[in-house]
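Chains as they are written, first to last, in our numbering: chain C, -9 to 294; chain G, 372 to 673; chain U, 1057 to 1354.
Quick caveat, the hints were computed from the structure, so don't treat them as lab data.
Bear in mind the structure is a predicted one, so any value in this text is a computation, not a measurement.
Cβ atoms here follow ideal geometry from the backbone N, Cα and C, with glycine treated the same way.
Be aware that a few hints might be false.
Listed below are the simulated DSS-like cross-link pairs for lysine-lysine, each with C-alpha atoms no more than 25 Å apart in a straight line [unchecked claim]:
hint	chain 1	residue 1	chain 2	residue 2
1	G	Lys515	G	Lys552
2	G	Lys515	U	Lys1236
3	G	Lys509	G	Lys552
4	U	Lys1315	U	Lys1081
5	G	Lys509	U	Lys1315
Simulated restraints on C-beta separations [as the list claims (entries may be wrong)]:
hint	chain 1	residue 1	chain 2	residue 2	range
6	C	Ala29	G	Gly529	20 to 30 Å
7	G	Gly529	U	Phe1189	29 to 39 Å
8	C	Val43	U	Gly1289	29 to 39 Å
9	C	Phe238	U	Glu1313	23 to 33 Å
10	U	His1179	C	Ile276	31 to 41 Å
11	G	Gly670	C	Ala113	51 to 61 Å
12	C	Phe238	U	Phe1189	52 to 62 Å
13	G	Asp553	C	Val43	51 to 61 Å
14	C	Arg287	G	Asp471	28 to 38 Å
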Amino acid sequence: MTTRSEAMPGGASLPDPTAPLSPTGNLRRRVAISRLVDAAAMGAALIAVALLVGVAFTVLKRGISAISVDFLTSNQAEGGIANALLGTIEIVAIGALLAMPTGILTGIYLTEFAGPRSRSARALKLVLDLLQGLPTIIVGVVVFGLLVVPMQRETGFAGAVAYAIVMLPMIARASQEVLLLVPGSLREAADALGVDRWRSVLTVILPAAMGGIVTGAILAIARAAGETAPLLICNSIYNPTTVGLDPFQGVPSIPMYIFTTYDLPTETALTRAWGAALVLLTIILIANVGARVVLARSRAKMGI
Amino acid sequence: MMDRDVGVGRSVINDPVPGRVRIESDAVPQPPVQEASQARPPAVAREAVFDIHDMAVFYGESQALGWTSLRIYRHVVTAVIGPSGCGKSTFIRSLNRMNDAIPGFRLEGQVLYHGHDVYAAATNRVEVRRRIGMVFQKPNPFPKSIFDNVAWAPRNLGMRVDLNERVERALQHAALWDEVKDRLHESALGLSGGQQQRLCIARALAIEPDVLLLDEPASALDPIATASIEELMHTLKHRYTIVIVTHNMQQAARVADHTAFFSLDTTGSERIGTLVEYADTETIFRRPRDTRTRDYVTGQFG
Amino acid sequence: MYGLCAAAGLLTVLVLGEVIYQVAKGASPSISEFGLSFVFHTRWAPNFNMFGALAAIYGTIVSSFIAIAISAPLGIAIGLYMSLMAPPRVRTVVGPLVEMLAAIPSVIVGFWGVVVLAPFIAHHVEPFLHNVFGFIPLFGPPQTTGLSIFTAGVGLTVMVLPIVAALSRDLFLTVPQDLKDGAAALGATRWEIIRGVVLPTTVSGVAAATVLGLGRALGEAIAVTQMMGDGSGIHVNLFLPGNSLSSRIASEFPSPESKLHIPSLFYLALILLVIGLATSLLARMIASRFDVEKRLAR
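Assemble the whole structure, with the sequences as input and the hints as a guide.
What follows is the structure, given as structure tokens:
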């Protein structure tokens, strides 16, 4: 269709430049295709939102009837989830206690002390990437060999250690990202004042990054709290009648409660399982939303 | 076109002489020079490609460009000069709707292209840009081969026949063919800055637009590359209509037939870019009528 | 302070080392008994001391592949939508919603999968696919519970989709504005800009994101246990129940039936570990080649 138009533009092959600016011919088709793609992409987003709403709605619908003060305050033997709730909190807390210092300090090491191209930094980043990609069932199996076998019983502590291993890479990465956002001018100012590196990190840089680090930790903890696989392997045997929270025994937990209860044949058991699922989902979603809000605010404070 | 009041007590001098074009030694003989005071352009004068009435640009609540009216003529090089931040880029990008993507962008007034409203609801943005092409300040070649860079837009438009010839012709018009003809399939990112910019020009020429807008095309380049770009302007204007934004006055003096001088109006509470004077280049630089123009071109400020 | 931080880093490395050590150690009785043939045998009968991983490997790979086949195009489309097409207000709402999809605990996804997804697939999707595509052995006759490799694959997309979508969105946002402007100024439609500039410059990153999503699917234990049913052997028909490496471990670990049962489960874990590490490494390799190419081109 095109010819060697040596002459003025608007030769035989091209539309007249003085023609109206609305789409014609070929352009109509191209615009239609582009609009189709727009619609498809929006459809995909709608599918994702629909999935979220669908799952949340199902949990809500089937579990809401189980929710009551009794449910939340009595033990499993009496049909409640009080001990499971406390157990989850305990295991998550111990896990966080183990993972947070290690993760945050590792993050600090990566950003403040090791050069970004140094061998130790690259090795550490590789290790963190690999740890992050570990299936949680493998973490459970590992802690089984590490703790359950020597101690000869399944314990809440083992579950906590497994949680800690799951949380560690996430906390380290979140800390690293937040620390990288701290403006270099802060560091330079501290250096110019002749302050030791470690002192400036402790008193200047960490406080500036603390908001982001804490929210990163909360997100990691929320993620770990929903993991069932490690508990299934390390902490599945517990006494449903007591509120017993000795971490060196089996400790009840919400994910395990859900997993075991839904198998039971009775209708009430099923509803209770959904009720527990509702409680778990609500806590995790609130933690997620809350953490993001705080993160956005702390970023705004740092002027990002 | 006489002096016009812009409503804030300032006058805008707006009278480029359409028939008056830069004389090059080997150019086609030009029609006789017209008197500047004539209101009606002579019959042999060029037609107006853009007819802009009271155009104003807002980003959200703040106004970036104040009420601007002018006509841009066919097959001339029109330069837009002025100090930094005076709205030159905003002005030129508004001509082909490249500001649409900027949040809060709002345009008042009318931009007519060959009589058609560029911002009308029925106007298709893609078609506007197909006819009014743009080359940017920093060369932005795609991470593809040289050939694919130039051939990309024609392929989109369905110009598949004689694609090789089209690419070759575009590269020749951009004065790049000889330098790249043996390495068309190498990455465009391996070219020097000046070559990349000429590649971007070739890319724009490949779809044979009607107008070519250049937003400070040589400001990121060294003097030799700049000179080659400027030379291009002289040959390209015979086929296309060219509007070039430049902060380099000497460049405007070298390449442009008509020149529009924008400046910042700081009398109000906001800093608004305003068109101060628009005439053929010789008038702007030798006999500017507005004191602000004279101050600028003689280097008193900016 | 430096010492403390370095020690933490060292501890992190030791954790990974311990993970690899423990899995290998736990598996060693089974490794010495069965050797490499373990990987290639299908029969899994703990009572008879017969252990073969092939059926589980098959279930893992097929269900993950189904999840990725659905999640990759959807996730990329969502990433495009969130980065280039959605109006700003929609972006601030949809973005967090998609990310929260990833926060749903796997036990709840599995639960939902059993109670909502599986019946839906059993009554609507599988019959339809069987009727239309039944000539392909993959789409054989469905069975009533809906717990199958196919269902597990579809359910896994709930967990994989947000990963691919969020990473893709971040990648598309890194495409320089001047490249997109240059394409727009040449009279290209939005799709043409995406096809010509956005996708080509991010292809390696998107590939890496897909591999990361795949890793998530491969390692998921609980949801798969619930949704895949409890089948044995390898069947071509996707609509039959099966098992995966992680689902075997999850369902049989609490109640071992013979001396070599636990070590064999550890052996499955070792295979899963190798697969998991390999996908993480693959994703890194793809992503870093992307960076290197970009740097070379400048």
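Provide an ascending list of the numbers of those earlier hints which the structure does not satisfy. 5
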